[in-house]
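Peer 1: Below are the chains, spelled out letter by letter.
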Amino acid sequence: MLLDSLGALDARSRRHDVCVIGTGPAGATIARALGEAGLSVLLLEAGEESWNEASQAVYEGDFYGSPALLPLSVSRLRQFGGASNHWGGWCRPLEAVDFENKIGGLDGAWPIGRGDLEPWLAPAMRILQLPEFAPDVAFGDSLRHVTFAYSPPVNFASLYGDDFRRSKRVDLALGSYVTGFDVAAGRVVHARVRDRDGAERLVAARRFVVCTGGVENSRLLLWANQQSGGKLVPEPAALGRYWMEHPHFTLGHILLESDFPFEFDSNGTVFIAPTPAVIRDRGILGFGLRIHPAKEGVARKLITELACVAPGLSEKVFQRFNKRLVCGLLLRASWEQPPRAYNRIVLSDRMDAFGIPRADLHWYLDDFDRRTPQAAVELLGAELAARGIGRIRLDRWVEGLEDFPPDDEIGGNHHMGGTRMSSDPRHGVVDSDCRVHGIGNLYVGGSSVFPSAGFSNPTLTIVQLALRLSDHLVRSLARDGELHGSLRVDTRGAA
Amino acid sequence: MNKNETASSAMLAGRRRVLGAIVVASAPGVVAGAASAATTPGPPGPGKAASPLPGGLLLHREGWLLAHSDR
Numbered sequence: 001m002l003l004d005s006l007g008a009l010d011a012r013s014r015r016h017d018v019c020v021i022g023t024g025p026a027g028a029t030i031a032r033a034l035g036e037a038g039l040s041v042l043l044l045e046a047g048e049e050s051w052n053e054a055s056q057a058v059y060e061g062d063f064y065g066s067p068a069l070l071p072l073s074v075s076r077l078r079q080f081g082g083a084s085n086h087w088g089g090w091c092r093p094l095e096a097v098d099f100e101n102k103i104g105g106l107d108g109a110w111p112i113g114r115g116d117l118e119p120w121l122a123p124a125m126r127i128l129q130l131p132e133f134a135p136d137v138a139f140g141d142s143l144r145h146v147t148f149a150y151s152p153p154v155n156f157a158s159l160y161g162d163d164f165r166r167s168k169r170v171d172l173a174l175g176s177y178v179t180g181f182d183v184a185a186g187r188v189v190h191a192r193v194r195d196r197d198g199a200e201r202l203v204a205a206r207r208f209v210v211c212t213g214g215v216e217n218s219r220l221l222l223w224a225n226q227q228s229g230g231k232l233v234p235e236p237a238a239l240g241r242y243w244m245e246h247p248h249f250t251l252g253h254i255l256l257e258s259d260f261p262f263e264f265d266s267n268g269t270v271f272i273a274p275t276p277a278v279i280r281d282r283g284i285l286g287f288g289l290r291i292h293p294a295k296e297g298v299a300r301k302l303i304t305e306l307a308c309v310a311p312g313l314s315e316k317v318f319q320r321f322n323k324r325l326v327c328g329l330l331l332r333a334s335w336e337q338p339p340r341a342y343n344r345i346v347l348s349d350r351m352d353a354f355g356i357p358r359a360d361l362h363w364y365l366d367d368f369d370r371r372t373p374q375a376a377v378e379l380l381g382a383e384l385a386a387r388g389i390g391r392i393r394l395d396r397w398v399e400g401l402e403d404f405p406p407d408d409e410i411g412g413n414h415h416m417g418g419t420r421m422s423s424d425p426r427h428g429v430v431d432s433d434c435r436v437h438g439i440g441n442l443y444v445g446g447s448s449v450f451p452s453a454g455f456s457n458p459t460l461t462i463v464q465l466a467l468r469l470s471d472h473l474v475r476s477l478a479r480d481g482e483l484h485g486s487l488r489v490d491t492r493g494a495a
Numbered sequence: 001m002n003k004n005e006t007a008s009s010a011m012l013a014g015r016r017r018v019l020g021a022i023v024v025a026s027a028p029g030v031v032a033g034a035a036s037a038a039t040t041p042g043p044p045g046p047g048k049a050a051s052p053l054p055g056g057l058l059l060h061r062e063g064w065l066l067a068h069s070d071r
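From first to last, the protein sequence lines stand for chains A and B.
Take the first sequence: its position 331, counted from the start at 1, is 331 in this note's numbering, and no numbers get skipped.
Take the second sequence: its position 15, counted from the start at 1, is 15 in this note's numbering, and no numbers get skipped.
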């Protein structure tokens, strides 16, 4: 049910099984799955039903680095449903290679593998209303034509909001901003919650799950840990660090001498990715080349330029151009960023309207972020040339002649890392069950737990992890004898 | 903070046009706290010319990746 305010809980003196903080894809998925399994859930959302300027202003923060990502107050949303109010719906699961430590020294290995998330793939696809994925098609020995599946996109507030409003097990409170936790004997006793009037209330629960987003999870735990005197995150070395995006840049254009062999999907895109073997063998990270029809006029310009270095080939393409056949394609890419400790969320000197430090983001691209797209164009260029399909004209930054262009897309608004998963508390914040190391009943949901990012958009993996965490919570509460009544322990049927 | 560390409104406005799905606009935060930036270990400097395109499979001429038979 929807609570008018947290004050409504006082009269009931109710201690919920689980307090879920945040209503984006992670939090909403966990709250639904736990409610369906028979647990009592308190679902807290700091924002309101709809976007409003005052709430969104809490998300303002400073950016340090180059090139600049979108401002933190733009790339995320503080309202019911969270980022699902503005996501694009692109989905693809992580692959087995994405869970490996692909490159020595980068420390990007997950303590779980693809097989650990596989049971949650089908239910996650139902939640996101995804069609089946088409199989990959080999494009030479090194590359694959891959597809994404597109969610409508599902907005968790509009599609699943009534589930919470009607639920007898899930209590939903909007305008409820969690700002800290009381810790005793290695467990969270209370969450400290500011209501929309600024009053602080204490919320008790058997388990707490922080699902406030890929920046806010770090911010909340950094601040709450500071306030607790270091008791909340006893091993804070990785907290806020290893933050990642998927760099998004234009690489250049393709000039076609024959028909392009793949059809554009419903978004006008063809995706090309490396094989797992070439990732391992060449010491690169994952990438997704995104090929679109080029703008009008581009092909003619490229044909003229090509005449200076390969006149015979230019003439061949010009004949094709005169037949009004497609000659020019735009070549873009997003790729996997190496996890770096210096890319991180820190607490700002500036405070939000509630007196809580804002989040500052430090984010840099390094030489490795050039190596992966360079390998991508080399592999694609070789395949296009060998098959007589076309040639690639590179943008100057790809050649190493200029810095990363500051006016490109830069990132995908995929905020990952900061509370990374690791079996070693010195290198991560949460364990393989998404539980904060050293704290018995505090968990983190969302892409902030990713130790590395693959090249796929993160939302499908976020929902898979959320369902897996839900299953763990049900089982751990049942195992510890903290539940009463009947439970449906297996949450894989969640839909 | 070096000269590349910026969040100029012009570049951000350009990217807002690219990302049309994001409708909420806000002034970017302007970096003021150089002290906290100084505590971040090891961020790279500008990447210009740091990593030239490797050769091998293709000829690299005037920005084009060509087959050896193209010239």
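Please note that the accuracy of each hint is not assured.
[What the hints assert, rightly or not] Chain B is faced by these chain A residues, among others (derived, beta-carbon under 7 Å): (1) Arg15; (2) Phe133; (3) Val309; (4) Ala310; (5) Pro311; (6) Phe354; (7) Glu378; (8) Ala382; (9) Ala385; (10) Arg387; (11) Leu394.
Calculated directly from the structure, the hints in this document are not laboratory data.
Note that the Cβ used here is the ideal one computed from N, Cα and C, for glycine as well.
Peer 1: Could you work out which of the previously given hints the structure breaks and list their numbers from low to high?
Peer 2: Hint check: 1, 2, 5, 6 and 10 fail, others pass.
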